[in-house]
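Counting with the numbering used here, you get residues 24 to 103 for the letters of the sequence shown.
No lab work stands behind these hints, which were simulated from the structure alone.
Glycine included, each C-beta is placed from N, C-alpha and C at the ideal position.
Where hints are given, some of them may not hold.
[To be verified] Here are the in silico distance ranges between beta carbons for each label pair: (1) Pro-33 with Arg-89: 26 to 32 Å; (2) Glu-95 with Gly-53: 17 to 23 Å; (3) Glu-102 with Ala-76: 17 to 23 Å; (4) Asp-94 with Ser-51: 16 to 22 Å; (5) Gly-48 with Arg-89: 27 to 33 Å; (6) Val-91 with Gly-46: 15 to 21 Å; (7) Arg-43 with Thr-83: 16 to 22 Å; (8) Gly-85 with Asp-36: 28 to 34 Å; (9) Thr-83 with Arg-50: 25 to 31 Å; (10) Arg-40 with Phe-79: 24 to 30 Å.
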Amino acid sequence: MTTLYVLDIPEFDDLVRVARDTGYGIRSAGDYVEVTADGPLVLARDAVGARPAIWFAALTGGYSGRLVHLDEDELCLDEG
């Protein structure tokens, strides 16, 4: 399972919404929101609508798995 932890703050609400709409699991985990996928977890910045600073800060909460790709357009995590 691949997991991304994002701070439970308004700046990440759109990321969480897109992840939920994509079918990823969403669960509250204290001050974080846990986004899980059975396999790769892929998010596109244009779908999320995040400014670059918020986009790149998405990893500051941590993740479980392997960072496959991160640039200004896409975030891809996969099972470790």
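Can the suggested window of 15 to 21 Å be confirmed for the beta-carbon pair Val-91 and Gly-46? 19 Å, holds
Quick check: does the Cβ-Cβ distance between Gly-85 and Asp-36 fall within 28 to 34 Å? At roughly 19 Å between Cβ atoms, Asp-36 and Gly-85 fall outside 28 to 34 Å, so the hint is violated.
For the pair Arg-40 and Phe-79, does the Cβ-Cβ distance stay inside 24 to 30 Å? 19 Å, violated
For the pair Asp-94 and Ser-51, does the Cβ-Cβ distance stay inside 16 to 22 Å? 29 Å, violated
Is 17 to 23 Å a correct range for the gap between the Cβ atoms of Glu-102 and Ala-76? Once the Cβ atoms are compared, 28 Å apart, the range 17 to 23 Å for Ala-76 and Glu-102 is violated.
Range agreement (Cβ of Arg-50 with Cβ of Thr-83, hint 25 to 31 Å): At 19 Å between Cβs, range violated.
Lying within 27 to 33 Å: is that true of the beta-carbon distance Gly-48 to Arg-89? With a Cβ separation near 18 Å, Gly-48 and Arg-89 fall outside 27 to 33 Å, so the hint is violated.
Mind checking the hinted window 17 to 23 Å against the Cβ distance between Glu-95 and Gly-53? Hint violated: Cβ distance 29 Å, outside 17 to 23 Å.
Holds or violated: the 26 to 32 Å window for the beta-carbon distance between Pro-33 and Arg-89? 29 Å, holds
Between Arg-43 and Thr-83, does the beta-carbon spacing fit 16 to 22 Å? Holds, at about 20 Å.
When held up to the earlier numbered hints, the structure conflicts with 2, 3, 4, 5, 8, 9, 10 and fits the remainder.
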